[in-house]
Structure formats: structure tokens, C-alpha cells
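Student: For the record, the sequence lines run as chains A and B. Using numbering that gives the first Met the number 0, the first residue of the first sequence is number 0, and each one after it goes up by one. Using numbering that gives the first Met the number 0, the first residue of the second sequence is number 0, and each one after it goes up by one.
These aren't lab readings, by the way, just hints derived from the structure by calculation. We put the CB at the ideal spot given by N, CA and C, even for glycine. One thing to keep in mind: the hints can contain errors.
Stated by the list, open to error - Short derived list, chain B residues pointing at chain A, Cβ under 10 Å: (1) G76; (2) F81; (3) N300; (4) E304; (5) H316.
2 protein chains.
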Amino acid sequence: MSRFSFRRTAQCGAARLGRMHTAHGAVDTPAFMPVGTQGTVKAVTTEELRRCGAQIVLSNTYHLYLRPGHEVVAELGGLHRFMNWPGPILTDSGGFQVFSLADLRRVDDEGVRFQSHVDGSSHVLTPEKSMEVQTALGSDIAMVLDECPPGPATREQIAAAVDRTTHWARRCREVYSGPGVAFGIVQGGPFLDLREQSVREITELDFPGYAVGGVSVGEPGPTISPTVRRTAAMLPEDRPRYLMGVGKPADLVQAVDAGIDLFDCVMPTRNARNGTLFTSHGRVNIKRNEYRSDPRPLDENCPCEACTHYSRGYLRHLFLAGEILAARLHTIHNLTYYLSLMERMRWAIAASRFAELRDELLGRLATREEQS
Amino acid sequence: MSRFSFRRTAQCGAARLGRMHTAHGAVDTPAFMPVGTQGTVKAVTTEELRRCGAQIVLSNTYHLYLRPGHEVVAELGGLHRFMNWPGPILTDSGGFQVFSLADLRRVDDEGVRFQSHVDGSSHVLTPEKSMEVQTALGSDIAMVLDECPPGPATREQIAAAVDRTTHWARRCREVYSGPGVAFGIVQGGPFLDLREQSVREITELDFPGYAVGGVSVGEPGPTISPTVRRTAAMLPEDRPRYLMGVGKPADLVQAVDAGIDLFDCVMPTRNARNGTLFTSHGRVNIKRNEYRSDPRPLDENCPCEACTHYSRGYLRHLFLAGEILAARLHTIHNLTYYLSLMERMRWAIAASRFAELRDELLGRLATREEQS
Numbered sequence: 000m001s002r003f004s005f006r007r008t009a010q011c012g013a014a015r016l017g018r019m020h021t022a023h024g025a026v027d028t029p030a031f032m033p034v035g036t037q038g039t040v041k042a043v044t045t046e047e048l049r050r051c052g053a054q055i056v057l058s059n060t061y062h063l064y065l066r067p068g069h070e071v072v073a074e075l076g077g078l079h080r081f082m083n084w085p086g087p088i089l090t091d092s093g094g095f096q097v098f099s100l101a102d103l104r105r106v107d108d109e110g111v112r113f114q115s116h117v118d119g120s121s122h123v124l125t126p127e128k129s130m131e132v133q134t135a136l137g138s139d140i141a142m143v144l145d146e147c148p149p150g151p152a153t154r155e156q157i158a159a160a161v162d163r164t165t166h167w168a169r170r171c172r173e174v175y176s177g178p179g180v181a182f183g184i185v186q187g188g189p190f191l192d193l194r195e196q197s198v199r200e201i202t203e204l205d206f207p208g209y210a211v212g213g214v215s216v217g218e219p220g221p222t223i224s225p226t227v228r229r230t231a232a233m234l235p236e237d238r239p240r241y242l243m244g245v246g247k248p249a250d251l252v253q254a255v256d257a258g259i260d261l262f263d264c265v266m267p268t269r270n271a272r273n274g275t276l277f278t279s280h281g282r283v284n285i286k287r288n289e290y291r292s293d294p295r296p297l298d299e300n301c302p303c304e305a306c307t308h309y310s311r312g313y314l315r316h317l318f319l320a321g322e323i324l325a326a327r328l329h330t331i332h333n334l335t336y337y338l339s340l341m342e343r344m345r346w347a348i349a350a351s352r353f354a355e356l357r358d359e360l361l362g363r364l365a366t367r368e369e370q371s
Numbered sequence: 000m001s002r003f004s005f006r007r008t009a010q011c012g013a014a015r016l017g018r019m020h021t022a023h024g025a026v027d028t029p030a031f032m033p034v035g036t037q038g039t040v041k042a043v044t045t046e047e048l049r050r051c052g053a054q055i056v057l058s059n060t061y062h063l064y065l066r067p068g069h070e071v072v073a074e075l076g077g078l079h080r081f082m083n084w085p086g087p088i089l090t091d092s093g094g095f096q097v098f099s100l101a102d103l104r105r106v107d108d109e110g111v112r113f114q115s116h117v118d119g120s121s122h123v124l125t126p127e128k129s130m131e132v133q134t135a136l137g138s139d140i141a142m143v144l145d146e147c148p149p150g151p152a153t154r155e156q157i158a159a160a161v162d163r164t165t166h167w168a169r170r171c172r173e174v175y176s177g178p179g180v181a182f183g184i185v186q187g188g189p190f191l192d193l194r195e196q197s198v199r200e201i202t203e204l205d206f207p208g209y210a211v212g213g214v215s216v217g218e219p220g221p222t223i224s225p226t227v228r229r230t231a232a233m234l235p236e237d238r239p240r241y242l243m244g245v246g247k248p249a250d251l252v253q254a255v256d257a258g259i260d261l262f263d264c265v266m267p268t269r270n271a272r273n274g275t276l277f278t279s280h281g282r283v284n285i286k287r288n289e290y291r292s293d294p295r296p297l298d299e300n301c302p303c304e305a306c307t308h309y310s311r312g313y314l315r316h317l318f319l320a321g322e323i324l325a326a327r328l329h330t331i332h333n334l335t336y337y338l339s340l341m342e343r344m345r346w347a348i349a350a351s352r353f354a355e356l357r358d359e360l361l362g363r364l365a366t367r368e369e370q371s
């Protein structure tokens with residue numbers, strides 16, 4: 000079997016249904032990738048991930064490089080065996096975490112110098128190093144190292160990041176000889192002409208898939224700006240398109256509508272641990288007193304373990320008592336919500352009814368965001 | 000079906016094989032009860048408990064009374080439904096936790112006044128209140144309220160506790176009308192004559208089962224003193240005997256040898272969360288550097304989820320990274336160890352080979368305690 004292929008099987012407007020084949024199995028797109036930062040999606044097993052509907056997981060190169068170290072993971076048989084996930088794995092380049100988590104960063108054309116947030120030790124992440132680490136991990140999809148200016152940046156800074164991202168992508172392309180494939184990343188911030196330049200330069204390198212990076216996340220308002228929408232449309236139709244770090248449920252719907260195929264975000268898992276749950280009735284803050292003696296399931300429309308076996312009153316109790324089981328059940332629920340949402344979108348595209356579903360979902364999600 | 004029955008099916012020396020029937024199912028004895036303090040055995044689901052081999056769980060009246068409140072549990076259908084455990088549940092009286100956790104305790108013949116360790120609120124636990132709370136929870140086996148002097152106590156204090164325990168046991172016996180049965184508790188500390196007095200007074204009240212309380216736990220040296228051994232022998236042969244809060248694996252073996260049928264202890268679950276794991280090779284401290292790249296399972300003789308799917312290197316990584324999955328897998332492993340140990344003892348009694356197994360286990364466990 001070849002390392003990688005992607006086939007579009009249906010399209011509805013710009014929304015695409017597809018199937019991505021990797022050395023560790025197939026992924027139906029549009030797909031959401033749960034985030035397993037340190038070689039585990041927090042609080043759940045890989046068997047539970049599968050039951051939630053996950054077909055692919057993302058893991059973070061930066062964290063695994065620092066702890067336990069990519070050599071250790073390689074000695075233990077690679078990341079798939081290490082974490083007991085036989086399916087496809089995508090790893091990021093480590094760059095985003097260096098820019099957002101590490102101390103004392105210094106970027107130059109060679110790479111990024113930084114100090115570990117774990118123990119303060121000094122490291123250099125270069126395009127070559129990122130590819131080496133992701134190869135050791137055994138990723139099915141490795142991401143090239145890009146420069147993603149953190150926070151608000153000037154046009155000049157973003158233009159420089161686009162140039163450097165192209166330069167680094169070329170070096171990644173040259174050295175990568177891992178077990179999977181490497182995807183390119185487009186930068187350019189909110190500037191459409193810089194996005195165009197980045198798309199042109201990165202697609203010239205002919206990667207089997209492309210990501211849209213540098214999209215502001217965690218801020219109020221729509222994540223899927225016209226620029227992102229138009230950037231997605233510039234990317235080759237026959238390659239998967241990945242919108243990194245996105246997002247809220249409404250963002251996913253809008254991005255699929257813009258022709259995006261792949262997503263990852265910590266929101267379902269992080270919110271779960273904070274007691275914020277996504278349901279068909281809107282967001283639920285489980286610690287609210289109104290749930291104290293509530294015998295109903297969190298969401299009567301949800302088939303997950305939490306909704307099948309437990310009451311809201313019990314989930315609230317577990318959360319307030321600080322019990323690990325709260326994090327487990329909430330994570331299973333939120334992942335089921337996200338992965339079911341993706342599945343509904345895939346069915347709607349297949350049935351040529353995506354626009355209807357999109358309007359229905361965005362209408363309801365807008366109302367519910369206000370409630371929460 | 001009757002609320003409760005107990006039948007001995009084999010005996011080997013003083014060690015007894017039995018079957019205890021409750022309104023929520025049967026329990027093969029000698030049995031170990033995992034501790035579900037706040038309505039969950041920490042880090043695991045009840046389905047996992049079942050897979051680990053648990054037939055009965057213990058829950059703590061004190062904790063559930065304070066949070067979420069026994070009325071809330073009752074409104075939500077009782078503890079079995081609340082925590083999704085359809086099997087037998089034993090609850091303690093709340094007394095031990097009041098004596099060990101609560102602030103500003105004041106004991107008199109009426110009961111114990113105390114302040115909640117959760118929010119400082121004032122409460123009174125009386126024999127009647129304890130029975131009321133355990134009835135609301137729906138326990139299959141409720142424990143009478145006893146006085147258990149914490150820490151080192153004089154003979155005079157222990158003698159007074161024996162008297163008060165008898166007085167309270169009588170009041171519990173009179174008011175209990177719950178869905179299950181109430182067990183009596185014998186006190187008397189290390190004084191054989193006080194134990195004899197307590198056994199005489201408590202058994203006169205004719206409970207369907209008896210516990211030996213006030214056994215010092217968590218201290219070095221053998222838990223199963225000659226006094227405990229002789230106290231067990233004084234209890235009626237046709238009723239289950241429960242050694243509360245015990246203990247280490249070697250303690251369980253010695254206590255079964257003394258004719259004890261029921262145990263509970265936080266050791267397997269608490270140690271799991273601290274990274275101390277029980278294996279057929281002795282105790283393992285998973286954070287040790289020697290396990291860093293160790294591809295072997297924690298215990299190649301163990302059929303649990305942790306040992307089937309994960310390497311020592313991965314478990315060490317999860318533990319050092321503070322991942323919830325470490326607590327989960329370690330808890331499943333340690334409970335499997337404890338519950339398998341009980342099963343081996345039951346088979347040995349049935350096969351009239353308990354003495355052999357006891358000597359083998361105690362020999363190996365002694366060596367291994369020294370290693371750890």
C-alpha cells in the first residue's frame with residue numbers, strides 16, 4: 000500500500016467529501032483530529048477514541064521531543080505502538096508550541112532557539128530537526144516547520160514569516176524521508192496578497208496536502224474570515240486542506256463550507272475537563288446548581304457512555320468532587336459531539352444537502368453560543 | 000429473593016470459602032471491596048471494576064452525606080443507579096471518617112458533633128442518622144456506627160469505646176429498616192479481654208455479619224496481630240467476617256488464614272495514583288529511570304488492560320507527564336492484582352491447598368516488601 004493518497008468522492012458547493020489513505024488506515028474527510036499532546040488524548044484511552052468515532056489523532060512534536068524524547072518513543076516502537084493507537088497519526092512540527100509555550104525564543108533563518116518549559120534546557124528547532132523528530136515518532140502525516148508570529152503582528156512581520164515559511168518548507172521537503180508524508184503550511188495572516196504569495200510558493204513544492212496556518216483562534220467572533228475562505232479556495236482541489244487549531248463547532252461548519260477537510264482543536268477535550276459540555280441543546284456548564292438533582296442524561300440525543308449511563312446530577316457531583324471520572328466522561332461526551340458533527344456533515348455532503356445542514360447548524364449554534 | 004444470606008462452601012484450616020447473597024447479587028468470599036469514596040472508585044468506571052474482578056464495592060457515607068448529600072443520591076434513584084453499579088454495595092457508617100477527617104469533633108453518648116472538611120458546616124452523626132443516611136443511599140450492607148479512637152489510645156479510652164460501640168450498635172439495630180442489612184462492629188483495640196467483651200455484646204444483638212474494627216492500618220509490621228486472629232475466631236462461624244480497612248497483600252493472606260471473609264482498603268487505588276504498582280515481581284515504582292525505554296509490560300503475568308496494551312516506558316511517561324491515563328491504567332492494574340489475589344485464595348481453599356498457597360505468597364511478599 001502506498002504511503003498516502005487522497006480522493007474526493009463528492010462535493011456540495013465548496014464542501015468536499017473525501018477519503019484519505021495513510022500507511023495506518025483510512026480517514027473519511029472532513030475529519031476532526033482529537034489532540035493527544037503528550038502521547039495520549041487527555042483522560043481517554045485509544046479504544047475509547049475509536050468508540051467516539053475518531054479515525055485519526057494529532058500529537059505534538061514539541062511535547063514528545065522534550066518528554067520522553069523522540070529517541071525513547073522510537074526505541075519503544077514508534078508513537079503508534081507507544082500510545083496503542085494503530086490508526087493514522089498526524090504530528091505538528093513543534094513550531095507552534097515553541098512560539099507559544101517555550102521561553103527565550105530567538106528565531107533566525109536557521110531555526111528557533113528556545114528553552115524547554117519543562118526543565119529550562121536549551122534547544123534548537125530547525126526544519127531538519129523537526130523532520131527528524133517526526134520521522135522518529137513515525138507520523139503518517141508530518142507537518143513542515145513554519146513561522147507563525149504569535150499574537151498581533153505587523154504586515155512586515157507577517158511578510159517575513161511567509162518568506163521564512165517557504166524557505167523552511169523547501170528544506171523540510173528536501174530532507175524528509177520518513178515513513179509517511181509531509182504537508183506544507185500556508186501563512187500570510189489576514190493579508191490576502193500574502194496568502195496568495197504563500198499558496199503559490201508552497202504549492203510549487205508539491206506537497207500531498209496543505210494546511211492553512213496562522214489563523215487566530217480563541218478570539219471572539221468568527222474564526223473563518225473571508226481571507227481564510229479565499230485561501231482555502233486557492234489550494235489545489237486534489238489535495239487535503241487542513242485548518243490548524245480550529246475550532247468551535249460553528250467554525251467547523253463554516254470551514255467545511257469553505258472546502259476545508261481536516262481540523263484539530265483542544266476545545267472539546269479542554270472544555271470537558273473544565274466542565275463545559277457541548278450538547279444538542281447548547282453548551283452546558285455542568286457545575287450549575289440546577290443540575291444538582293437532575294436525573295436526565297446530559298444529552299438525550301447522544302449515544303456516548305456518559306449520556307447512556309449517568310445523570311446530570313452524577314456528572315455534576317463528580318466534577319465538583321474533583322473526580323477523575325468527570326474528566327473521562329466529559330471528554331468522551333465532547334469528543335462524541337465533535338466527531339458526530341463531522342459525521343453529519345459528511346452524510347450531508349454525500350446526500351447533496353450540505354447547505355441545508357449548514358444553515359440549520361449555524362442557526363442553532365449561534366443561538367446557543369449566546370446562551371453560554 | 001431475601002435481602003441477605005451467607006453460606007460457607009468450603010474450609011481449609013481457618014480459611015473459609017463462602018458465598019454472600021445480597022439484593023443486588025452474589026459475592027464470592029473471601030472478597031476484596033474496592034473503595035469508591037465519593038460514589039466512584041477513583042479513576043475507573045464500574046464496567047472496568049467488573050472487568051478487574053470486583054463483585055462488591057464500598058462507598059463512604061461521610062463523603063456522600065456531605066457531598067452531594069444523601070437526599071440528592073436518593074432523588075437520583077439511590078447509590079446503585081447514581082454511580083451505575085448494579086452489584087452489591089457496602090457503606091461504612093461515616094464514623095471512621097468523622098474521627099479521621101472532620102474538624103472539631105466532640106463525642107458523647109448521643110453521637111459525634113463535627114465540622115465538614117469540605118465547607119466547615121456543623122453536623123451531628125448519631126447511630127440513627129448513620130442508619131438514615133445509609134438507608135437513603137440504598138446500601139446492601141450498612142455498617143453500624145462505632146467509636147473508633149483514632150491513633151494511640153489508653154486501655155481506659157478503648158474500654159469506653161467498646162461500651163459506647165455496643166450502646167450505639169443496639170440503637171442502630173433498632174432503627175435500621177433499610178433495603179439491605181446492617182453489620183455489627185467489634186472494637187477492643189489490642190486487648191483480648193475487651194475484644195472478647197465486645198464480641199459477646201455485639202453478637203448478642205444478632206447481626207447477619209460482623210466486622211473487626213479498630214485495627215491499626217498503615218503502620219509498619221504485621222497488621223494481623225494475634226489479637227485480631229483470635230477475635231476473628233470468636234465470631235460466629237455462620238456469619239461473614241469483615242476486617243475493616245485492611246490492607247497490604249500480605250495482610251490479606253494472613254487475614255484469610257485467620258478466617259476473615261471481607262476486606263476493603265484504599266491501598267491499591269491510592270498507590271496506583273502515586274505510581275506504586277503491585278506486580279508478581281514485587282512492588283514497582285514506575286517513575287524510576289530504569290523503566291524509561293523498557294518495552295516490557297508492567298507484569299507479563301497480568302491480563303489487565305495496562306499490561307496487555309502498554310509498555311513500562313509508556314506508563315512511566317504518562318505518570319511523569321501527569322496524565323490522567325496513568326491514574327486510570329495504574330488503578331486497573333492494582334485492582335486486578337488485588338482481586339486476582341483473592342481469586343487465587345478462593346481457588347486454593349476450594350482445592351484444600353490454602354496452606355501451601357499462603358506459605359508461597361507470604362514468602363514471596365516478604366521478600367518483595369523488603370525490595371520496595
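Student: Report the numbers of all earlier hints that the structure fails to satisfy, in ascending order.
Tutor: 3
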